[in-house]
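Enquirer: First to last, the sequence lines map onto chains A and B. Read in this note's numbering, the first sequence has 360 at position 360, and its numbers run on one by one without any break. For this note's numbering, count along the second sequence from 1 and bump the result up by 1000.
If you are wondering where the hints come from, they were derived from the structure by calculation, not from laboratory data. Since we're looking at a predicted model, the values are computed, not measured. In this text, a Cβ means the ideal position worked out from N, Cα and C, and glycines have one as well. Watch out, some of these pointers could steer you wrong.
Under 8 Å between C-beta atoms, here's a sample of chain B residues computed to sit facing chain A [said to hold, decoys possible]:
id, residue
1, M1186
2, F1384
3, I1389
4, P1390
5, F1402
6, T1403
7, V1406
8, L1429
9, L1436
Listed next, with one range per pair, are the computed distances between beta-carbon atoms [unchecked claim]:
id, chain 1, residue 1, chain 2, residue 2, range
10, A, P396, B, Y1426, 45 to 51 Å
11, B, L1211, A, E215, 33 to 39 Å
12, B, M1361, A, I15, 29 to 35 Å
13, B, Y1426, A, I15, 44 to 50 Å
One letter stands for each residue in the lines below.
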Amino acid sequence: MILIWLMLILFAGGIGAWLSESRGIGVPRVIALVAILLDLALVIFMLLAPESIGLTPVTSEQDEWLVLFQADWIPRFGISFIFGADGFSLLLIALTVFLGLISLGSAWHEIKERSGFFYFNLLWTLAGVIGVFTALDLFLFFFFWEVMLIPMYFIIAIWGHENKEYAAMKFFIFTQVSGLLMLLSILVLVFLNYQATEVLSFSYFDLLGNGLTGEVGMLVMLGFFIAFATKLPAVPIHNWLPDAHSQAPTAGSVILAGILLKTGAYGLIRFTVPLFPDASMAFAPIAMTLGVVSILYAAKVAFAQSDLKRLIAYTSVSHMGFVLLGVYAWNAQALQGAVMTMLAHGFSAAALFMLAGGLQHRIHTRDMDKMGGFWGVAPKMSFMALFFTVAAVGMPGLGNFVGEFLVLLGSFQVSITTTAFAALGLVVAAVYSLIVIQKVFHGENKNNYEFDDLTFIEMACFALMMIGLLWMGLYPQSMLDMAEPTLRSLGVAFP
Amino acid sequence: MSTDVLIDLLQIIMLTLTSVVVMLVAGFKREHGLVNVLTTSGLAASLLIFVFVDPVLPLQATELLYFDEYSLFFSALIILGALTVSILAYPYFESHNSHNEEFYILLMTATLGAVVLACSTHFVSFFIGMEMLGVSLYAMIAYPVHADKSAKFPLEAALKYLIMSGLTSGLILFGVALIYALTGTMFFNDLAPAIEAQDVASSPIIIAAWLMIISGVAFKLSLVPFHIWTPDVYEGAPVPVTAYLATVSKAAMLAVTLRLLLISDAFQYDALMLVLTVMAAASMLLGNLLALLQANVKRLLAYSSIAHLGYLMIVIIAAASVPGMLSVESMGFYITAYFIMSLAGFAVISSLSNSGKELDMISDYQGLFWRNPWLAAVMITVLFSLAGIPLTAGFIGKFYIFTSGVEGSLWFLLTMLIIGSTIGLYYYLRIIYAILQQPGKTSKQDPATHAIPFGTHAVLASMTAIIIYLGVYPMPMINILQSLAAAF
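Can you build the whole structure from these sequences, using the hints too?
Expert: Have a look at this one:
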């Protein structure tokens, strides 16, 4: 029931924010803040003191669900409300709520028009994402998968930048079409399962072990894979992302990069591989190759960008390539690495987008050729930029390093060639990251931009994310322990 | 004639009575408001009559009409549509400096025809219903023609509809005659046994007859390649009539067609199935592609209706291989969803328009969200529902179509459905985007300035509520549909 509360608080908060719009821009954002803080409190309880709210804590031995809620929805088709969370989902829920708070911080001073409706969309996106991370009925999952799109579309289409129509449309169509393919796959899976077992059910548990093999299994698996790979995104279906990211307002980019991309990775780990183990095994070499291509190609393209947000967007594609690689290597280290990369990238990408958004808000351009010498103008901002860039590159001691290292370690056992190429990504990452620091913060301030340094709220957001990344880098075991039982229950052998 | 028959006929009697009363009142006292209230309450009474009186089901009432849950469901839907149109018509025609009262008589007779169609299991009542509906519609489309100024070109639209409809009736009549010549029956139920008894199943004449009937039906449902009249008629007709045309006339036709195909076992003819498949695929593709080019919302909705009818054909084609129950259920759900969302969409257009000026260009909607958030929210809900996005009735409808298609293994048509939906998204989003934009500085007229009457608000609110309710909790509706589908 606590999972339902997580979503209900956000849904209700969103409606409250919208209704209070006429009372000025201050009220909606306070309502949104209260809703997110309430959620955060619940999540912290779930993470740190599960006994106090009647939950059994996650331990590395048990493969039980931490929370499981079940109720009928459309019994005609065997569709029910099944929400469940285990360690893995819980980590992602925590990431979602935390980054929700960060995005609220980045919107605090930026959004002035129709702020009530903005916070409505923000909270509903978060609620939709929590739904995705907890739904264990395939229909319900698809439902939330689509529901999280609509508010995001509004965020880009209303508060976006100069080319928002194109970006919003592209974002929506890419996700929607790949979603329809997934819906088709879900239905085929359910009806084949129905023919085989006489049980019409969309429940994840009933569909596990469906025994779909051969050509049909492969086609159905591909439907899922395309939907998740579009969201991840993987080359060659990535090109909605640079547009959506660069046109979205800061809070939108933070949510997109920090949370929405992770739903794709989550889908691969939770659904695609466990539902179709044979087809996934056969497909793994191709998926891993796609992962490596994403890493290298996106890194190369990132290097060629002069638009700061587009550059960061491409680096996201590159980092998510590691996740794809890790998932399809499908062993303990690689998967743990994928999970760590998801979490760490959530923080570092969100922080970088917040910086880029903050810069754009101050100087009204994202063109790096016009920038330069900002270290003198805004030293705090520059320091933060350096910190999070270095984190994204994979500096030991920070979360991203742990993730990418584990992915490479795991995939090395599967394919040495692939891993060798993937490791090149680390080198290229240094190149495109340092160019940002050089062009924007060093050199000469050609256009004599003068602007305020980070505000208190921004500093607080960045400080929180710094602490998070340091935690992940220095004490990753706390998170690996959370994810382990989930991965174990999905059939991954742990040493 | 027993009392049971009379009880079942109550709805139809009520409708007939209302049209007579409206005609008499209009003859003595010309007052738009009075006539509108009479019509609306007559429709409401016939809609609710079976809440108070239990009908006897199923029952063959006279040779021509058959009452079961299926026909009552569709009758209720039709009357609901007519009721909505009557409410919308009042503010629309109020500014019209002419005699408005006859419009409601036409509305009543058209509705009567549609209800007869929904209850028909006999070619004669099929034809009578279709003609009653059609003939009333010619006049309804052309209704504003002699006003001082009318928004569109109603005469052109009415003439197009008249000619096309005439052709259609001829085709259907010829097909029916051929079937009668071979089998000697016009009862849907007797067709299959008679064809078998006469051993004419493979006769080219019977196939030709079926093809004629199906082409006629395709005209009415505006399936490609019989769709050419649709955009012009949608655009030229006054908005309330367009709403009626898009919902009531299509739902009635679909109700009778599905029943005809299911009980006469027409699915055994490969040629017929091939034609249906081609029409479905072409409608999905062409309807969506042509909608991309439109700048006028009414024309856009016309093309999108072609596409939606194409989606629905998947259900009808799948009926050949899946249990009839699922087909009836799927079609019932989709048509209800489509019905409600179309009505809501046209209600938005109608509340921004009057008979002198219709706001139907996409550019007219720019910034609606900032000027009138309520109308904008309804329109956005409708468009998302048409696009089949979750939380709306359109999504569950699309889910049903996917389900039927997967059970019937219609992979080609499902591919077309996905391609069509993708294109569809693009033009729906274009309108949504226009609505969300900042109002343009050039737009002189603010469409939201004139007060929207309470009735229209009630229609908008209830339709939106139904769209969301069906999208979030469809189970009650599914239960109703399952009970009426049990007969098939």
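Enquirer: Would you mind marking each hint as holding or not holding in the structure?
Expert: Cross-check of the supplied hints:
1. Proximity of B/M1186 to chain A is violated relative to the hint, the smallest CB-CB distance being about 36 Å (cut-off 8 Å).
2. For B/F1384, the interface hint holds, the least distance from its beta-carbon to any beta-carbon of chain A being 7 Å, beneath 8 Å.
3. Hint on B/I1389 holds. Least Cβ distance to chain A is approximately 6 Å, under the 8 Å limit.
4. Hint status for B/P1390: holds, given a least beta-carbon distance of 4 Å to chain A, under 8 Å.
5. At about 5 Å, the closest approach between the beta carbon of B/F1402 and any beta carbon in chain A falls short of 8 Å, and the interface hint on this residue holds.
6. For the restraint placing B/T1403 at the interface with chain A, the shortest Cβ-Cβ distance is roughly 6 Å, inside the 8 Å limit, so the hint holds.
7. Restraint check, B/V1406 versus chain A: the minimum CB separation of about 5 Å is within 8 Å; hint holds.
8. Restraint check, B/L1429 versus chain A: the minimum CB separation of about 5 Å is within 8 Å; hint holds.
9. Using the Cβ-Cβ criterion of 8 Å, the hint placing B/L1436 at the interface with chain A is satisfied: the shortest such distance is roughly 5 Å.
10. In this structure, A/P396 and B/Y1426 meet the distance hint of 45 to 51 Å, their C-beta atoms being roughly 47 Å apart.
11. Between B/L1211 and A/E215 the CB atoms are about 37 Å apart, so this pair conforms to the stated range of 33 to 39 Å.
12. The given range of 29 to 35 Å is respected by B/M1361 and A/I15, whose C-beta atoms sit roughly 33 Å from each other.
13. The hinted range of 44 to 50 Å is not satisfied by B/Y1426 and A/I15, whose Cβ atoms lie roughly 30 Å apart.
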